Amino acid sequence: MSASTSASAIEVRIPTILRPFTNGEKIVSADATNLAELISALDKSYTGLGERLLENGELRRFINIYINDEDVRFMGSLTATLKAGDSVTILPAVAGGC
Amino acid sequence: MTRYESLEASLGHTPLIGLPKLSPKTEAGKPAVRLWAKLEDRNPTGSIKDRTAIAMIDDAERTGKLKPGATILEPTSGNTGISLAMIAKVRGYRLICVMPENTSIERTQLLEMWGAKIIYSPAAGGSNEAVRVAKELAAENKDWVFLYQYGNPANTLAHYNGTGPEIFVDLPTITHFVAGLGTTGTLMGAGKYLREKNPDIAIIAAEPRYGEVVYGLRNLDAGFVPELYDASVITRRFSVGAEDSVRRVKELLEVEGIFSGISTGAILHAALGVAKECVDAGVGADIAFIVCDGGWKYLSTGIYGKDGDSEVLDGQLWA
Chain A
-7 MSASTSASAI EVRIPTILRP FTNGEKIVSA DATNLAELIS ALDKSYTGLG
43 ERLLENGELR RFINIYINDE DVRFMGSLTA TLKAGDSVTI LPAVAGGC
Chain L
3 MTRYESLEAS LGHTPLIGLP KLSPKTEAGK PAVRLWAKLE DRNPTGSIKD
53 RTAIAMIDDA ERTGKLKPGA TILEPTSGNT GISLAMIAKV RGYRLICVMP
103 ENTSIERTQL LEMWGAKIIY SPAAGGSNEA VRVAKELAAE NKDWVFLYQY
153 GNPANTLAHY NGTGPEIFVD LPTITHFVAG LGTTGTLMGA GKYLREKNPD
203 IAIIAAEPRY GEVVYGLRNL DAGFVPELYD ASVITRRFSV GAEDSVRRVK
253 ELLEVEGIFS GISTGAILHA ALGVAKECVD AGVGADIAFI VCDGGWKYLS
303 TGIYGKDGDS EVLDGQLWA
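First to last, the sequence lines map onto chains A and L. So for the first sequence, my numbering puts the first residue at -7; every next one is plus one. So for the second sequence, my numbering puts the first residue at 3; every next one is plus one.
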């Protein structure tokens, strides 16, 4: 199934810096049962996006991805499971205020 | 002992306060799930950052890096700068803070009150820009002392030697520790200490999720992970937006009477999420979380009013 069809089950929030890949869309959707599948599905619809998220088969250092607001790096990273209705947020890693 | 030789000496030993009304109810026969708030606003300048600031300055004096009359440089969104400004004033140093322009007015007022000079960095990019500008200034001005809270081990040690042990003494049954993720010093230091005492204690990070402007980097390579950060210390990490943070700040105020800053709302949101999971699983828990500061510095945002809305925080660095 195409990553951009309306029937897709997982909503993905795209940060400004990556929107050139999604034709400016802030929120896209895709079907997947884990994060690796999701990124692969996104890359099929939005060529080049996968390469901005992954490096040598792992999440890039300055990319954070959250499933329902929880950081995937503490949920198995690319093997983190997804189910219909989950919300995924992609954000660049920035310094917190202090 | 409540007598101290000076304001600085009164650092730490902050109270750990039970939240009997905000802690979730459990069914009869099931173990209790309790929330505990560590009130870091009771430090000398009113935030947890007094611990970091004093530790970094003490360390720089001890190692000879900081000499009388020297100029200190620090990137900050407010609290660390305010702490450093007070101590610099008392000990006779000059302080230059690099602060994002999109912070609350009270922070500027407090910094100026203690004599700090402020260099503003652009709003877009948030603290990333403050760090970048400060690093450039440090390279250009070799005689300035760059304490650099994001990479200074004294920051972590302040919490390893202070915050962590204080919590463990007050709450030996602690099961979860929840704190904000900024420099990561609190989580790294207190988290490491608590896990050494009991490896089963979960260390939970609550990371503020700002409006889009703060993530406005020029490219992905301009991203930033603090040098102090060690992911192995952390069990789980949550991203909490302004809406949830403001809702929790108001809940803490209305239900338990505690007047906190906005970042505490993000931390409480994560703590309540974990508490609910414990209730659902039928396991007991003692969840300690950090109240970073009081709400005083954020009154001008208007979020505490009856109709205060989190949308006003969209372009701001609120934690």
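These are calculated hints, taken from the structure and not from any lab test. Source: prediction; values computed, not measured. The reader is advised that the hints may include incorrect statements.
Footprint (simulated), chain A over chain L, 3 or more residues, beta carbon under 8 angstroms [claimed, not checked]:
1. 176 to 182
2. 214 to 223
Far from chain A by the CB rule (all over 10 angstroms, computed), these chain L residues [said to hold, decoys possible]:
3. Met3
4. Ser8
5. Thr110
6. Ala125
7. Ser265
To give an idea of the interface, some chain A residues facing chain L are shown, with a C-beta separation under 7 angstroms as derived from the structure [claimed, not checked]:
8. Ile19
9. Ile82
10. Ala87
The beta carbon of each residue, even a glycine, is placed where N, CA and C say it ideally should be.
Status of the hints after comparison with the structure:
1. 176 to 182: violated (count 1)
2. 214 to 223: Held - the segment 214 to 223 of chain L has 8 residues with a Cβ nearer than 8 angstroms to chain A, which meets the minimum of three.
3. Met3: For Met3/L, whose nearest Cβ neighbour in chain A is about 30 angstroms away, the distance exceeds 10 angstroms, so it holds.
4. Ser8: Holds, because the least Cβ-Cβ distance between Ser8/L and chain A comes to about 25 angstroms, which exceeds 10 angstroms.
5. Thr110: Non-interface label stands for Thr110/L: nearest chain A Cβ at 14 angstroms, farther than 10 angstroms.
6. Ala125: holds, 12 angstroms
7. Ser265: violated, 8 angstroms
8. Ile19: violated, 13 angstroms
9. Ile82: violated, 10 angstroms
10. Ala87: holds, 4 angstroms
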